[in-house]
Every structure is written in C-alpha cells, then in structure tokens.
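Residue numbers -19 to -1, 1 to 359, in mature numbering (1 follows the signal peptide of the UniProt record, and there is no 0), belong to the letters of the sequence shown in order.
Cβ pair distances, simulated, as ranges:
id: 1; residue 1: Lys170; residue 2: Ser133; range: 46 to 52 Å
id: 2; residue 1: Asn61; residue 2: Ser133; range: 28 to 34 Å
id: 3; residue 1: Gln92; residue 2: Asp60; range: 22 to 28 Å
id: 4; residue 1: Thr339; residue 2: Gly197; range: 15 to 21 Å
With a straight-line cut-off of 27 Å between C-alpha atoms, the simulated DSSO-like cross-links for lysine-lysine are:
id: 5; residue 1: Lys39; residue 2: Lys64
id: 6; residue 1: Lys65; residue 2: Lys38
id: 7; residue 1: Lys356; residue 2: Lys214
id: 8; residue 1: Lys258; residue 2: Lys170
id: 9; residue 1: Lys152; residue 2: Lys215
id: 10; residue 1: Lys303; residue 2: Lys322
id: 11; residue 1: Lys215; residue 2: Lys170
id: 12; residue 1: Lys214; residue 2: Lys166
id: 13; residue 1: Lys215; residue 2: Lys166
id: 14; residue 1: Lys170; residue 2: Lys356
id: 15; residue 1: Lys22; residue 2: Lys64
If you are wondering where the hints come from, they were derived from the structure by calculation, not from laboratory data. This one's a predicted model, so the numbers in the text were calculated from it and none came from an experiment. All C-beta atoms in this analysis are idealised placements derived from N, C-alpha and C, irrespective of residue type, glycine included.
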Amino acid sequence: MNRSRTALAAGLLAVVALAATACGSSSGANSASDDKAATAKSAADLGGMDALVAAAKKEGTLNVITLPRTWAGYGDLMDNFTKKYGIKITDANPDGSSQDEINAVKQLKGQDRAPDVLDLGSSFALSAASANLLAPYQVSTWKDIPDNQKDSQGRWYNDYGGYISIGYDAKQITTPPTSIADLAKPDYKGKVALNGDPTKAGAAFAGVFAASLAKGGSADNIQPGIDFFGELKKSGNFIPVGATQATIQSGQTPITIDWDYLQVSAANTLKGKVDWKVVVPKDGLYANYYNQAISATAPHPAAARLWEEYLYSAEGQNGFLKGWARPVELAAMQSAGTVDKDELAALPQVSGTAPFPTEAQLDAAKKVIADNWAKTVG
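When you get a sec, could you build the whole thing from the sequences and use the hints?
Given below as structure tokens:
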C-alpha cells in the first residue's frame, strides 16, 4: 500500500514514557441541507449530533479513497460505521497514494464519485490545505487532539501513527537485520523494499527519513537517506517493488521498511503462511502521524463529517488501536479510562525518542526527495 502520511508528538510520547461549499453530482444540484452541511464547521452548526446523523443517513453514501482494509484497522472501522449508521462506503483506489487522493479531489470535482474524506500524509495534508482543497471542521472531541497535532482552522488533524520498522521473513532471512545500517550487508542482496515511491507515498518517504537519521542526517537533512538507498541500489540490495502483504506472501519482498502497525498486521494476517517478524531500529527511530481531512467539495458533506465524528470517538480511536496504530487521542483516552488496555499492550515495544520534524522541515524534505530521488536511486 503506497500511502503517504506528521510528526508523532505528545500522544505518541505518552505511549513510550494535519471551507468551501460542496459540489453535488454532475447531474443535479445540492439540497439546502447539503449546502448547510457543506459549510458546517462543527456538529453544532447543523443543530447537534442527532441532526448530523439524520442528514448523513439521508445522503446514504460515503466516498473514501486509498484505504486498504488491512491498514490501521480500516476494514473493521468501515464495516462498523456502515453497521452503526446504515451508510454505504465506497472505497476507491485502496492501494493508491496520498497524491492520488489529492488528484482525485481536483479531477472529480462536481461528480458523485469524488472523495468525501481524505487520509493524508503530513506534507500532503499541508499542500492540500494551502490549495484550498479542504473544508474546516472540528469534531466533538477536538480538545482531546493536542494543539500541535491539528490545524488551527480545522482543515486537517492527526488521526493515528506509528514508527518506521523493519519487517522480515524469518524463514528466508536467517540472520535478521536489527538496524537500518544492517540493510547494506551483502546477505540482503535483492531483498530490501520500501512501501512505494517516496516522492508519492508517505510510508516510503518516512522510510527514507529514518535511513537519513541512521546515516547522520537530521530533521533538516534527508539527503543521507537518499544516498543510502542509492548505495543499496548499486549493491543490488534495494529492489524497486512496492511492498504489500501480497509481495510479502509471494516472497518478492523478504525485507520491508514500513510502519510498525502495517508490519504487525502482515504478521497476523499471514500467520501460518509467512513467519513475519518486526523490529523498530534504534539507529533510525522515526515516528509519524497521518491526517484526516474533509474535501471542500465533498459530494456527501454530512456523511463526511459524521465519518470524522466516528473516527474520533472512543470506538473509532480504539478501532485504530485494534489495527496496531497509535490513536491521536490516546493520552486523553487513558485519562478517561476509555482505552482498550489489551490492544494497547499489543503494540510493538519502542525505546528511545524520535525526532518530530516541523511543517517547514517536512516541506523541505519533500522537495529534496522530489529533486534527488530519481537521479540517485532511479
């Protein structure tokens, strides 16, 4: 899955000790209630949660995009939302990237099949906000999201996060890698893969960032990570195959650099088929959150807002936790006693402190990768 996803700040640290009127269909105009929902900045603007639920049920459909069912618990989250509200979910391009999401908002504007909501990597959420593609909205639990993990205007807000990790097939890899530096060993020729293209996919972008930290880089300097993958390409260790559970099962990608929650998901899904192990490397400790956002031209504006309310409820946040991702409201849920303690205990263990790049640092790193990845790695 080639997702692109901002810094894992206060909520993650607690675990270890990112408006316009919505366009309707191309064949008809919005109703007055749709217009009101499209400009609502909170449930209160629509008359409260009951009114929001009623408006969303009337629309009856929610368009999401690039949400694989094995990613951060999204399969169960989508099923439970539909069961709870009777709203059909259409998931377009589940194996796409954050850039694909932004492209779809632009290209499908005014059509019924346009995305209603987005799940974006930090740099992509920032660029979408600056392009006026996102609608401001504050969920009912807004205060439970740390201030440095949400846009002050409500255009994007962190939802869940994790750490970059190394996953490997224990049957193929008899000498397991425990660090980013290990991946340069001759033993791993033709075996190391990223989750997509780092110029388009946040998981891969984060993998390069982690490699940069391991090779002497910093939040201000991602170039060492690009150079490291250039070296892996020259040695034959790096393979240009976007890692997925399918490539893991087929044996194409016996070593992957990806989010820890996706690695754990693969280990559980493929149990009995692949002996998949996961380690969070100390030399490249990098954490990141993804971001929720509502399209400013969502064809189902009420359903879009109800989806966000659901994801930021205790049920939704525990749904991310069930998918082995760290929910943004974790600290508040621990204080309130609403967190699923068993699921929390199942998270991969992490030691050390990860750097948290600022918006400016992420933007700068994205530009460096865009300028140098292809000519260095190909």
